[in-house]
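I would like the entire structure built from these sequences, with the hints used as guidance.
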Amino acid sequence: MNNHTIIIAEAGVNHNGDMDFAKKLIDVAEEAGADYVKFQSFTADKLVSKDAKKANYQNVNINDGDDSQYNMLKKLELSQNNHLELISYCSDKKIKFLSTAFDMDGISLLVKLKVPFFKIPSGEITNYPYLIKVAKNFKKIVMSTGMANMQDINDCLSVLLKNGAKKENITILHCNTEYPTPMKDVNLKAMIAIGEKFNVKIGYSDHTLGIEVPIAAVSLGASVIEKHFTLDKNMPGPDHKASLEPDELKKMVFAIRNIESALIDRGEKAPSKSEIKNLDIVRKSIHFTRDVFIGETIKEEDLIPLRPGNGISPMSWKKIIGKKLLKDYKAFSKLKIEDII
Numbered sequence: 123m124n125n126h127t128i129i130i131a132e133a134g135v136n137h138n139g140d141m142d143f144a145k146k147l148i149d150v151a152e153e154a155g156a157d158y159v160k161f162q163s164f165t166a167d168k169l170v171s172k173d174a175k176k177a178n179y180q181n182v183n184i185n186d187g188d189d190s191q192y193n194m195l196k197k198l199e200l201s202q203n204n205h206l207e208l209i210s211y212c213s214d215k216k217i218k219f220l221s222t223a224f225d226m227d228g229i230s231l232l233v234k235l236k237v238p239f240f241k242i243p244s245g246e247i248t249n250y251p252y253l254i255k256v257a258k259n260f261k262k263i264v265m266s267t268g269m270a271n272m273q274d275i276n277d278c279l280s281v282l283l284k285n286g287a288k289k290e291n292i293t294i295l296h297c298n299t300e301y302p303t304p305m306k307d308v309n310l311k312a313m314i315a316i317g318e319k320f321n322v323k324i325g326y327s328d329h330t331l332g333i334e335v336p337i338a339a340v341s342l343g344a345s346v347i348e349k350h351f352t353l354d355k356n357m358p359g360p361d362h363k364a365s366l367e368p369d370e371l372k373k374m375v376f377a378i379r380n381i382e383s384a385l386i387d388r389g390e391k392a393p394s395k396s397e398i399k400n401l402d403i404v405r406k407s408i409h410f411t412r413d414v415f416i417g418e419t420i421k422e423e424d425l426i427p428l429r430p431g432n433g434i435s436p437m438s439w440k441k442i443i444g445k446k447l448l449k450d451y452k453a454f455s456k457l458k459i460e461d462i463i
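Numbered by our numbering, the letters in the sequence shown go through residues 123 to 463 in order.
Simulated from the structure, these hints should not be mistaken for lab results.
Computed from a predicted structure; not experimentally measured.
A portion of the hints provided could be inaccurate.
[What the hints assert, rightly or not] Below 30 Å or equal to it, Euclidean Cα-Cα: the simulated BS3-like pairs (lysine-lysine) are:
id	residue 1	residue 2
1	K458	K406
2	K145	K234
3	K288	K258
4	K372	K215
5	K146	K311
6	K391	K160
7	K355	K197
8	K446	K391
9	K441	K421
10	K323	K373
11	K319	K288
12	K311	K262
13	K258	K160
14	K288	K306
15	K258	K168
16	K306	K319
17	K176	K160
18	K372	K160
19	K146	K160
20	K160	K236
21	K160	K284
22	K311	K284
23	K168	K197
24	K452	K440
25	K391	K323
26	K216	K446
27	K262	K218
28	K355	K216
29	K372	K262
30	K255	K319
31	K323	K284
32	K160	K172
33	K236	K196
34	K160	K215
35	K446	K456
36	K391	K440
37	K261	K168
38	K145	K197
39	K145	K176
Shown next as structure tokens:
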């Protein structure tokens, strides 16, 4: 099937710094049928200053009285050995490993680990040296655009293209960086506008509650869907509350695969194999309203369209009126073409 949507199950930092949790997240993503399970690669010292404050949603979701973004992220780092262990576990589970880097060292690590493509997070699309390093080291690139306008996207794309990236290998994801994103702020048609303006493959990185928006995005042409998931929305951590639980992730993947099947382009409108057997049952053909006899001339009031539709189509109505009968018919019986002249 050539319209397979890449589904990235975003584990992110929902492992809470616990490798057992991280492996359980991999289990969930694999069972749901996602194509990739994605983590985050960073060191707090290279990502954020010690003076940086948490986002409002992070304070609300964690509620530990500590407003330091540095302290929060320090607990969520994955070491190189952690990455190797998760890659090995993904291999055993037959699901592809992916990670997003948030600093230059993270990019180097993912180059070393040979991830299949690079995902640029929304917060880095204005990070000039970061973008250059990505463009020089990765053939395939997916970029999120939360908080961005068209000029931001254009500037990011220009940097990537000038430093070795090819447009045909870039997918741009529409995104809103609020956790959770209010439905009124989704602006899903912006995804289409991005594709039209920049002539690129498009997708959607979702932070809404529920599964309906990413499903709608697939129907509008998204080739990549990214969605956060967790083991339990009530776990402490910055992203759990805006994430899907295992059953929800499974339902989302199932629904997207159904939408893919529904979108297969046959190139024309024609009866499908499954419905053609119902054609005669549902359509109508010409029948008589009364008993009629050989030699009579058929009048309009003698005719009625009735099921089944395996006789003369009512679309031949005017052609039948005025014809002479070659045999008798009972009321409500179906006219045969060979019995008129």
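Consistency of the hints with the structure:
no.: 1; hint: K458 x K406; in the structure: 13 Å, holds
no.: 2; hint: K145 x K234; in the structure: 21 Å, holds
no.: 3; hint: K288 x K258; in the structure: 11 Å, holds
no.: 4; hint: K372 x K215; in the structure: 16 Å, holds
no.: 5; hint: K146 x K311; in the structure: 35 Å, violated
no.: 6; hint: K391 x K160; in the structure: 40 Å, violated
no.: 7; hint: K355 x K197; in the structure: 19 Å, holds
no.: 8; hint: K446 x K391; in the structure: 37 Å, violated
no.: 9; hint: K441 x K421; in the structure: 11 Å, holds
no.: 10; hint: K323 x K373; in the structure: 25 Å, holds
no.: 11; hint: K319 x K288; in the structure: 16 Å, holds
no.: 12; hint: K311 x K262; in the structure: 24 Å, holds
no.: 13; hint: K258 x K160; in the structure: 22 Å, holds
no.: 14; hint: K288 x K306; in the structure: 34 Å, violated
no.: 15; hint: K258 x K168; in the structure: 20 Å, holds
no.: 16; hint: K306 x K319; in the structure: 23 Å, holds
no.: 17; hint: K176 x K160; in the structure: 22 Å, holds
no.: 18; hint: K372 x K160; in the structure: 16 Å, holds
no.: 19; hint: K146 x K160; in the structure: 13 Å, holds
no.: 20; hint: K160 x K236; in the structure: 14 Å, holds
no.: 21; hint: K160 x K284; in the structure: 28 Å, holds
no.: 22; hint: K311 x K284; in the structure: 28 Å, holds
no.: 23; hint: K168 x K197; in the structure: 14 Å, holds
no.: 24; hint: K452 x K440; in the structure: 21 Å, holds
no.: 25; hint: K391 x K323; in the structure: 26 Å, holds
no.: 26; hint: K216 x K446; in the structure: 72 Å, violated
no.: 27; hint: K262 x K218; in the structure: 15 Å, holds
no.: 28; hint: K355 x K216; in the structure: 26 Å, holds
no.: 29; hint: K372 x K262; in the structure: 27 Å, holds
no.: 30; hint: K255 x K319; in the structure: 25 Å, holds
no.: 31; hint: K323 x K284; in the structure: 19 Å, holds
no.: 32; hint: K160 x K172; in the structure: 26 Å, holds
no.: 33; hint: K236 x K196; in the structure: 25 Å, holds
no.: 34; hint: K160 x K215; in the structure: 14 Å, holds
no.: 35; hint: K446 x K456; in the structure: 15 Å, holds
no.: 36; hint: K391 x K440; in the structure: 27 Å, holds
no.: 37; hint: K261 x K168; in the structure: 25 Å, holds
no.: 38; hint: K145 x K197; in the structure: 17 Å, holds
no.: 39; hint: K145 x K176; in the structure: 27 Å, holds
When the structure is compared with the earlier hints, violations turn up for hints 5, 6, 8, 14, 26 and for no others.
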